[in-house]
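Given only the sequences and the hints, what does the whole structure look like? Please build it.
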Amino acid sequence: MKDALTACLVEEMTIEEAAAATFVEVEWLLVRVEEGLFPGASRSHFSSRLLARARRMRDLERNFDASPELAALFADILEENDELKIRLRCAE
Amino acid sequence: MEFRNYYEILGVRKDASQDEIKKAFRKLARRYHPDVSREADAERRMKEINEAYTVLSDPEKRAAYDRIGQGYRQGQDFRPPPDWDAGFEFSGKGFDPREAAGFSDFFSQIFGRMGGQPRRADHHAKVLLDLEDAYRGAVRQIALRVPKMDASGHVLLENRTLNVKIPKGVHEGQIIRLAGQAGQGGDLLLEVHFRQHERFSVEGLDVHLALPVAPWEAALGAIVQVGMPDGDLKVRIPPGTRGGRPLRVHGKGIPGNPPGDLILKTEIVLPPADTPAAKAFYEKMAREFPFDPRGRAE
Numbered sequence: 107m108k109d110a111l112t113a114c115l116v117e118e119m120t121i122e123e124a125a126a127a128t129f130v131e132v133e134w135l136l137v138r139v140e141e142g143l144f145p146g147a148s149r150s151h152f153s154s155r156l157l158a159r160a161r162r163m164r165d166l167e168r169n170f171d172a173s174p175e176l177a178a179l180f181a182d183i184l185e186e187n188d189e190l191k192i193r194l195r196c197a198e
Numbered sequence: 376m377e378f379r380n381y382y383e384i385l386g387v388r389k390d391a392s393q394d395e396i397k398k399a400f401r402k403l404a405r406r407y408h409p410d411v412s413r414e415a416d417a418e419r420r421m422k423e424i425n426e427a428y429t430v431l432s433d434p435e436k437r438a439a440y441d442r443i444g445q446g447y448r449q450g451q452d453f454r455p456p457p458d459w460d461a462g463f464e465f466s467g468k469g470f471d472p473r474e475a476a477g478f479s480d481f482f483s484q485i486f487g488r489m490g491g492q493p494r495r496a497d498h499h500a501k502v503l504l505d506l507e508d509a510y511r512g513a514v515r516q517i518a519l520r521v522p523k524m525d526a527s528g529h530v531l532l533e534n535r536t537l538n539v540k541i542p543k544g545v546h547e548g549q550i551i552r553l554a555g556q557a558g559q560g561g562d563l564l565l566e567v568h569f570r571q572h573e574r575f576s577v578e579g580l581d582v583h584l585a586l587p588v589a590p591w592e593a594a595l596g597a598i599v600q601v602g603m604p605d606g607d608l609k610v611r612i613p614p615g616t617r618g619g620r621p622l623r624v625h626g627k628g629i630p631g632n633p634p635g636d637l638i639l640k641t642e643i644v645l646p647p648a649d650t651p652a653a654k655a656f657y658e659k660m661a662r663e664f665p666f667d668p669r670g671r672a673e
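Here the protein sequences line up with chains F and L, keeping their order.
Every position in the first sequence, counted from 1, becomes a number in this note's numbering once 106 is added.
Every position in the second sequence, counted from 1, becomes a number in this note's numbering once 375 is added.
Hints were generated in silico from the structure; no laboratory data involved.
Please note that a few of the clues may not be correct.
[To be verified] Distance condition first, Cα-Cα at most 25 Å in a straight line; then the derived BS3-like pairs of lysine-lysine:
no.	chain 1	residue 1	chain 2	residue 2
1	L	K540	L	K501
2	L	K609	L	K640
3	L	K402	L	K422
4	L	K422	F	K191
5	L	K389	L	K422
6	L	K640	F	K191
7	L	K609	L	K543
8	L	K501	F	K191
9	L	K501	L	K543
If you want it as structure tokens, here you go:
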């Protein structure tokens with residue numbers, strides 16, 4: 107067996123990395139970050155925890171012609187839904 | 376390679392308009408989107424639906440698909456004729472070739488060439504790990520399907536297995552980076568998801584566990600041993616603990632800076648009254664304790 111490759115934990119990403127991981131243009135992500143649709147993100151800091159949100163918003167905009175604000179609102183609801191599902195599982 | 380009938384997947388006629396295709400896709404996306412669907416195979420169906428929509432919603436891809444798909448049925452063995460794409464001019468709009476990693480071999484073979492150039496050399500994939508890996512770190516073999524561009528510009532999917540040292544402290548949704556593993560100097564970014572654990576539930580960095588305790592442990596307090604992914608842990612149960620009360624053990628969740636907490640949900644388990652001695656003991660308690668669980672203790 108070959109030597110194992112060492113993986114590093116990534117908490118913060120650059121906007122470019124996050125855009126590449128979401129398969130969107132950097133500009134797409136940057137505009138939404140600057141409009142405040144990604145809580146806590148800025149031009150220089152993008153938490154890797156926001157990637158799932160970016161993918162959801164991309165899909166909603168691409169597939170349902172949602173405006174960025176509507177996609178963000180729906181992402182908020184889905185995130186709350188995720189949180190409630192986890193809490194329910196933990197409480198069972 | 377199996378032929379994919381994208382019209383059948385979306386449930387539309389071959390002469391469906393773009394508007395009909397979009398409506399059919401949206402209807403199916405509402406039904407199968409993994410965020411909201413209760414269907415057992417929602418994730419697999421959603422991938423199929425996305426793949427079909429990626430092709431049929433793009434006039435270039437749809438025209439090419441219609442040309443090569445004449446006479447084929449869903450699931451039929453399929454080999455694209457040589458040079459089938461001669462004469463097509465592809466703009467490369469619409470999808471990033473790395474998205475093809477989630478699609479079928481059929482898609483990659485036919486449409487791989489039609490994607491644009493990757494915007495960055497990094498690659499991205501999801502991996503499933505166990506909660507134990509988060510506590511102890513681990514070396515795991517990870518199988519990936521990697522889109523690669525061949526000399527003629529087609530995107531082909533290659534199977535690749537990596538032996539990866541996972542650092543401890545990974546959490547759900549965590550990104551881990553394998554420097555230089557994406558080809559052309561790019562990094563491979565893996566997104567971690569945990570398999571469902573039979574004992575533990577995970578909420579961010581916090582880890583939840585049901586903890587059965589005996590009535591006397593709950594009433595009098597006790598120090599009990601709890602089996603954790605990284606070994607046994609001694610936990611103090613405070614006197615007067617009620618069933619269902621969560622006990623928070625700081626810093627014993629997923630390791631990190633700061634680490635998560637371990638949240639124990641106490642479940643008071645009664646010893647069965649299945650022997651004469653046990654029955655006699657319960658009877659003695661009933662006589663000696665003026666206790667009404669539906670009211671106040673006197």
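How the hints compare with the structure:
1. About 16 Å separates the Cα atoms of K540 (chain L) and K501 (chain L), which keeps this hinted pair within 25 Å; it holds.
2. Proximity of K609 (chain L) to K640 (chain L) is assessed by CA-CA distance (about 15 Å); at most 25 Å being required, the pair is judged to hold.
3. For the hint pairing K402 (chain L) with K422 (chain L), the CA-to-CA distance comes to about 15 Å; that is within 25 Å, so the pair holds.
4. At roughly 23 Å between alpha-carbon atoms, K422 (chain L) and K191 (chain F) fall within 25 Å of each other, so this suggested pair holds.
5. Distance check on the hinted pair: K389 (chain L) and K422 (chain L) sit about 21 Å apart at the alpha-carbon level, within 25 Å; holds.
6. Between K640 (chain L) and K191 (chain F) the alpha-carbon distance is near 17 Å, which keeps this suggested pair within the 25 Å criterion.
7. Restraint check: the Cα-Cα separation between K609 (chain L) and K543 (chain L) comes to about 22 Å, which is no more than 25 Å; the hinted pair holds.
8. Between K501 (chain L) and K191 (chain F), the direct Cα distance comes to roughly 21 Å. Compliance with the 25 Å bound is thereby established for this hinted pair.
9. At most 25 Å may separate the alpha-carbon atoms for a hinted pair to count; K501 (chain L) and K543 (chain L) meet this at roughly 17 Å.
In summary, this structure violates none of the numbered hints.
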